[in-house]
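2 protein chains.
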Amino acid sequence: MGVAELSSPATASTKTASRLHYSSQLSLSSTRLYNNLRRSLRPISRARHFNISCSVNQVQAPVAVPREESKSKSDCYGVFCLTYDLKAEDETKSWKKLVNVAVSGAAGMISNHLLFKLASGEVLGPDQPIALKLLGSERSLQALEGVAMELEDSLFPLLREVKIGIDPYEVFEDAEWALLIGAKPRGPGMERAGLLDINGQIFAEQGKALNAVASRNVKVIVVGNPCNTNALICLKNAPNIPAKNFHALTRLDENRAKCQLALKAGVFYDKVSNMTIWGNHSTTQVPDFLNARINGLPVKEVIKDHKWLEEEFTEKVQKRGGVLIQKWGRSSAASTAVSIVDAMKSLVIPTPEGDWFSTGVYTNGNPYGIAEDLVFSMPCRSKGDGDYELVKDVIFDDYLRKRIAKTEAELLAEKRCVAHLTGEGIAYCDIKEDTMLPGEM
Amino acid sequence: MGVAELSSPATASTKTASRLHYSSQLSLSSTRLYNNLRRSLRPISRARHFNISCSVNQVQAPVAVPREESKSKSDCYGVFCLTYDLKAEDETKSWKKLVNVAVSGAAGMISNHLLFKLASGEVLGPDQPIALKLLGSERSLQALEGVAMELEDSLFPLLREVKIGIDPYEVFEDAEWALLIGAKPRGPGMERAGLLDINGQIFAEQGKALNAVASRNVKVIVVGNPCNTNALICLKNAPNIPAKNFHALTRLDENRAKCQLALKAGVFYDKVSNMTIWGNHSTTQVPDFLNARINGLPVKEVIKDHKWLEEEFTEKVQKRGGVLIQKWGRSSAASTAVSIVDAMKSLVIPTPEGDWFSTGVYTNGNPYGIAEDLVFSMPCRSKGDGDYELVKDVIFDDYLRKRIAKTEAELLAEKRCVAHLTGEGIAYCDIKEDTMLPGEM
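So the sequences go chain by chain: A and B.
For the first sequence, our numbering assigns the number 1 to the initial residue and increments by one for each residue that follows.
For the second sequence, our numbering assigns the number 1 to the initial residue and increments by one for each residue that follows.
Just so you know, the hints here were simulated from the structure itself, not pulled from any lab data.
Dumping the calculated SDA-like pairs for lysine to any residue here, alpha-carbon to alpha-carbon at most 25 Å:
#1 Lys327/A / Gln142/B
#2 Lys319/B / Glu191/B
#3 Lys271/A / Glu389/A
#4 Lys271/B / Gly125/A
#5 Lys96/A / Val123/B
#6 Lys184/B / Gly329/A
Input sequences plus hints: build the corresponding full structure.
Here's what the structure looks like:
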């Protein structure tokens with residue numbers, strides 16, 4: 001990257017040109033270690049709001065405003081600025097091609113767990129070299145350097161590139177995974193509508209950036225809250241990336257639900273399978289004990305206390321984060337990072353026969369009668385190719401239907417609140433209840 | 001464990017009896033989930049100081065004071081209170097025997113990274129089921145519950161037991177690994193002598209506890225500072241465990257030294273080998289660029305700037321933690337945890353041909369002429385059986401000899417400061433300089 005200045009990719013069609021431009025990075029010599037970093041401190045001048053006018057199912061490519069002289073860059077860090085040919089060396093010649101993993105909120109605590117898992121090879125395997133592209137804010141840029149230093153000092157053989165930056169148009173370049181963790185916390189007195197708007201802005205911009213510069217088959221996992229609606233905003237702003245590729249993380253809810261059923265049934269958690277979280281990552285979410293199984297049997301056959309299932313189980317799952325904050329004084333960064341790893345592994349490792357996993361995905365074409373054009377957590381299976389299919393053989397009863405309808409209604413309401421960010425016109429926000437999960441802010 | 005009360009193991013010879021007593025744990029039923037925990041809040045009444053009178057090389061078994069009615073216990077947590085027969089199930093019958101890993105300072109940030117690595121199977125392998133025994137203080141017991149909750153919610157298949165407690169005599173029971181991370185930070189105005197004393201007390205007690213209840217071949221890695229002298233105190237108080245089994249962690253220093261040499265030479269860090277840290281984990285430590293290699297060549301042949309090697313390299317390694325605190329605002333918990341994993345792996349995986357690793361170990365019988373009866377970081381190789389041997393083919397020059405002598409003198413001075421804790425009589429403390437590494441407190 002050196003002293004070359006980049007102009008912003010003006011639209012998605014400039015991707016090729018942008019790529020050519022960026023290729024100069026590959027010749028970076030090792031003598032410029034650290035120095036490159038300074039240049040990325042310059043402010044972004046790109047306008048953050050775009051006019052999008054489109055219908056729900058035919059989203060046009062966003063009209064990007066050219067950056068005037070934007071000089072902010074994502075830059076390689078320290079020892080990760082080196083170039084090398086993995087195919088030229090005995091130890092690395094059998095490795096797969098380098099994979100680009102972009103992470104937003106990279107200076108936060110969840111990332112502080114996640115990045116080291118990614119770099120160690122625990123997630124994508126021992127022959128998968130990794131490039132980590134870390135997105136922060138101007139405020140967190142120093143902290144990002146600290147994270148990069150700790151990654152250097154960890155000597156992970158598979159970690160071959162680390163870049164840090166504050167501009168998603170640069171950090172997301174050629175990303176094959178985008179793990180969108182960063183979001184603004186709710187300020188004092190802020191309503192949920194305000195939170196939807198402030199975070200929606202971020203995810204609209206990041207969607208546009210992904211659309212412009214990421215791999216055409218990038219897998220996006222949205223963790224920052226409200227994650228379902230953020231994922232919806234993101235996919236709406238990235239019309240050139242399959243909507244199917246966007247996920248909202250409900251895996252921690254699934255893991256917690258399995259653990260609570262195991263505790264109640266007196267079995268180890270590996271005996272609980274087929275756990276679906278339906279709907280929103282909020283207090284309207286539905287941990288599904290009708291379809292879940294314990295030792296291969298329906299939960300209701302194993303746990304006879306159906307009153308507990310109907311009246312206490314869901315709350316136990318949802319209060320977990322709040323209880324943790326009380327006890328530990330911090331939010332669940334470590335187990336959230338584990339659940340992101342689980343979500344990634346579920347897409348790259350074939351799902352065990354007869355089982356499934358939950359993830360918030362786009363509802364178009366779903367077989368459950370859930371409203372289309374939402375991001376809704378549903379049961380999925382994967383062949384391990386990065387893709388997934390919705391599970392067909394699930395059953396419903398009135399109780400389950402009614403609760404799914406409630407979380408569906410909430411997501412429809414959230415969608416109305418962010419119409420200005422999804423290209424559907426003027427937002428109308430009538431959300432009254434606070435459905436943020438305890439311990440999440 | 002249930003309602004049974006334990007008396008303290010009076011000496012190492014009561015171990016068998018103690019084991020029999022503890023065996024009642026194995027029949028814990030799953031219905032007492034969570035409830036057991038409350039009982040561990042009762043105070044410890046055991047006296048903390050022991051009179052030890054012995055010479056350096058003939059340490060007597062410590063005279064333990066029987067606990068009067070001590071009711072504090074380490075207790076299983078939640079879903080980890082279940083019993084199961086791993087040999088009875090298809091998925092687990094080929095697994096190794098459960099290994100007990102005890103961790104002190106378990107509610108701290110280093111542990112928060114380390115425990116999840118241990119539980120994931122990243123360290124000891126995918127067929128090694130693990131029991132984590134977490135040692136905290138009364139103050140941190142709630143936080144320990146939080147850690148245990150996050151471990152539950154992570155659904156690690158290999159993690160089969162989690163116990164939490166505040167009494168090392170219970171938490172270290174049958175431990176095959178003891179990772180001693182917890183230590184008191186230096187208070188305002190506290191001299192290094194004061195720190196040596198306050199932490200020495202902790203490690204004397206933990207040594208006695210290991211001696212009384214841990215596996216006879218437990219591997220102990222001391223991380224809490226001042227770690228070399230803490231490790232010495234610990235091994236002196238555990239005469240029935242081979243002194244060879246005690247390590248002081250200098251692996252993060254080794255990793256940082258490799259990274260700094262790689263940066264200077266413009267090579268990736270995997271090209272740096274044979275890196276020794278000699279001596280104390282303090283500013284007198286000696287990162288050895290005479291014996292280290294880059295791409296198989298002596299460092300001095302690759303890095304021609306010998307002035308940099310002699311005058312800047314060591315400081316760069318040592319200042320790393322301080323720089324990190326400046327940038328990131330926190331200490332290096334993540335990379336410290338990675339280095340603990342590296343240290344463990346170095347003992348259970350054969351050392352690559354021609355290479356070695358650094359660890360602070362007991363000096364008796366060392367071939368380098370270093371004073372005996374210290375814990376001193378030196379170059380080691382392992383066959384992967386948990387044991388190690390000191391590397392013989394290292395070279396010395398005047399510069400290296402002189403610096404090794406300085407760190408050796410420091411460790412001898414530290415040892416004089418803790419004579420009252422190692423059974424060598426009355427302490428005499430004449431340490432003037434503050435040699436704590438930046439960013440470590």
